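Given the sequences, and given the hints that come with them, work out the whole structure.
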Amino acid sequence: GNSVTQMEGPVTLSEEAFLTINCTYTATGYPSLFWYVQYPGEGLQLLLKATKADDKGSNKGFEATYRKETTSFHLEKGSVQVSDSAVYFCALSDRGGATNKLIFGTGTLLAVQP
Amino acid sequence: EPEVTQTPSHQVTQMGQEVILRCVPISNHLYFYWYRQILGQKVEFLVSFYNNEISEKSEIFDDQFSVERPDGSNFTLKIRSTKLEDSAMYFCASRFTDNSYEQYFGPGTRLTVT
Numbered sequence: 001g002n003s004v005t006q007m008e009g010p011v012t013l014s015e016e017a018f019l020t021i022n023c024t025y026t027a028t029g030y031p032s033l034f035w036y037v038q039y040p041g042e043g044l045q046l047l048l049k050a051t052k053a054d055d056k057g058s059n060k061g062f063e064a065t066y067r068k069e070t071t072s073f074h075l076e077k078g079s080v081q082v083s084d085s086a087v088y089f090c091a092l093s094d095r096g097g098a099t100n101k102l103i104f105g106t107g108t109l110l111a112v113q114p
Numbered sequence: 115e116p117e118v119t120q121t122p123s124h125q126v127t128q129m130g131q132e133v134i135l136r137c138v139p140i141s142n143h144l145y146f147y148w149y150r151q152i153l154g155q156k157v158e159f160l161v162s163f164y165n166n167e168i169s170e171k172s173e174i175f176d177d178q179f180s181v182e183r184p185d186g187s188n189f190t191l192k193i194r195s196t197k198l199e200d201s202a203m204y205f206c207a208s209r210f211t212d213n214s215y216e217q218y219f220g221p222g223t224r225l226t227v228t
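Protein chains in written order, with this note's numbering: chain A, 1 to 114; chain B, 115 to 228.
If you are wondering where the hints come from, they were derived from the structure by calculation, not from laboratory data. Since the model is a prediction, treat every value here as computed from it, not as a measurement.
Restricting the straight-line Cα-Cα distance to at most 20 Å, the calculated cross-link-like pairs of lysine to aspartate or glutamate (DMTMM-like) are: (1) K56/A with E216/B; (2) K60/A with E216/B; (3) K68/A with D54/A; (4) K156/B with D94/A.
Structural data, given as structure tokens:
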């Protein structure tokens with residue numbers, strides 16, 4: 001079945017450091033890929049998405065590129081801020097059909113220190 | 115900006131009691147979902163709902179669970195006889211159409227079963 005594997009956290013960085021959170025997936029067909037962010041005490045917010053191979057999703061300085069050849073969708077940011085501290089979830093969705101349920105990775109806790 | 119809302123934010127109940135978690139999806143969305151997140155674990159799909167019927171449910175969604183869209187705006191999740199292991203954060207999500215794969219999540223209801 002479809003699955004998502006994320007690097008384990010927590011990831012602790014100093015402000016302005018470069019961030020990479022690895023995500024790989026297993027899926028039949030051509031899924032859509034997402035990164036969601038969960039700030040402390042809050043729900044899930046869509047951070048960025050990519051719907052086909054080589055697409056790059058970007059938002060708030062975060063980027064991720066849909067790599068079909070390596071089945072990866074790694075999240076990157078050039079310079080993190082304290083306010084980026086949150087749990088980041090990689091997810092995929094089967095395309096088509098009445099379901100399109102999301103399958104999530106385990107989440108990666110990012111802690112950014114001033 | 116339209117958003118998904120959920121009530122209550124926190125529900126405490128005794129084992130064996132029935133609970134109803136309520137969600138108001140974004141008004142023009144057509145697909146509705148419930149997910150849950152046990153503390154410290156990944157977000158798990160429970161059920162999807164489209165055209166007034168369940169389109170897919172997970173193994174977690176057994177006979178104790180039911181969903182309903184009683185009117186044009188609310189979407190509810192009922193747990194008939196709660197168990198300790200039902201304690202989790204429950205998220206409602208909605209999606210617009212077949213061609214838009216991103217789901218928008220509510221802030222969640224924290225259910226505590228004692």
